[in-house]
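What follows is the residue order along each chain.
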Amino acid sequence: MDQKISMENIFQKLGDLKSFFIYGQKLIPILQKILDFMQDTVPLLENVNRSIQESTSKMPKAALQINSVTNATEVATTEILDIVDGMAVDVQGMQSKLESLKEKIGDDDIASLLALVVKIQERMMNITISLQVQDITAQQLSSVNHLIQSIQEKLGGLLTELDNKENDELTVDDHQFPRDAAFNADARYDKNTNSQELVDSLVADNLTKASQAEIDKLFAKQ
Amino acid sequence: MALKFLVVDDSVTMRRIVANSLKTIGHDHFVEAGDGREALAKLSTDDTINFVITDWNMPDVSGLELVKAIRSNDKFGTIPILMVTTRGLKEDIVEALQAKVNNYVVKPFTPQILKEKIEQIISSAV
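Chains as they are written, first to last, in the working numbering: chain A, 2 to 223; chain B, 244 to 369.
Each hint should be verified, as a subset may be incorrect.
[Unchecked claim] Cross-link-like lysine-lysine pairs, in silico, DSSO-like; alpha carbons within 27 angstroms at most: (1) B:K285 to B:K311; (2) A:K120 to B:K358; (3) B:K358 to A:K192; (4) B:K266 to A:K98; (5) A:K192 to B:K266; (6) B:K266 to A:K103; (7) B:K266 to A:K120.
Just so you know, these hints were derived from the structure itself, not from any lab.
Sequences are here, hints too, so could you generate the full structure?
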């Protein structure tokens, strides 16, 4: 009786083994496909890794170039301001000579020339006002530099983790990047007056509140 | 009252533009500082400065930190301060007002706006 049970167990085990082999035969092509896929993917990943390394190592140079653009625009803006200042002195000289001529001769043509001088002065002031764009774009470029530095830090960390070793080329050295200037990432050269109107309403509101606070303080004392 | 301005901005261009704008609206007396630290040093040594025009975004000591430092100073804590900055968001303006700036101008500005704000500050101080 015991012998019969043992044989039934053996046949059951053999049946299980057969199912396992059948399942294994079905699994082999799938494993082969996974293996092929991995063999194809490894060079691709190595390529991606190399590209990231190259891009990352170029980032400090890009940041320095952006910084040199800012410096160049600042120099150029200063030159323009020098020229405008020189012109302002000349125009002012012309204005005073025309005024003394007008007193002596009293000609209508001189009056119209004086009006023209005022117009030139206004236009020169408009040039000066427009040059504020240099400061605003400098802040935008500083914001880009800050982003580049952050990306390099993230990529450098990622590649170090993948390689499991420190890579000197990818380690972020503060000296590689230009000095982190103070900036407003939202700086915009926008001549519409919406922002100033918002300021004015908030300032007015603040002044009203302050006055009310002072009144309350006064009544509290009484 | 003769005003002597302290113009604080890390941008050489902006200091120059503010200075030119001040001259245009009839104010010829001003000194300059490149950041908040330099501004505080100038305020400590020059008693004739009676108006501060400052930017917000500056290295080391920012404009907002400068305002707070001025307001907590016994010697020059009541000096009028006008902030001239690119920061035009509501929360920025509120933060500056809470730090007790007297008024606020968003860049780009015109000499007329500068004049208007200076006059408002002076008239409210009288």
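We went through each hint and held it up to the structure:
Taken as a hint, the K285 (chain B) and K311 (chain B) pair is honoured in the structure, with Cα atoms around 16 angstroms apart against an allowance of 27 angstroms. Taking the CA atoms of K120 (chain A) and K358 (chain B), the gap is about 20 angstroms. The hint holds against a cut of 27 angstroms. For a cut-off of 27 angstroms, the pair hint linking K358 (chain B) to K192 (chain A) stands: about 18 angstroms separates their Cα positions. A threshold of 27 angstroms between alpha carbons decides the hint, and for K266 (chain B) with K98 (chain A) the separation of about 21 angstroms falls inside it, so the pair holds.
For the given pair, K192 (chain A) sits about 22 angstroms from K266 (chain B) by alpha-carbon distance, which is consistent with the 27 angstroms threshold. Distance check on the hinted pair: K266 (chain B) and K103 (chain A) sit about 26 angstroms apart at the alpha-carbon level, within 27 angstroms; holds. Pair hint K266 (chain B) plus K120 (chain A) holds up; C-alpha atoms about 17 angstroms apart against a cutoff of 27 angstroms.
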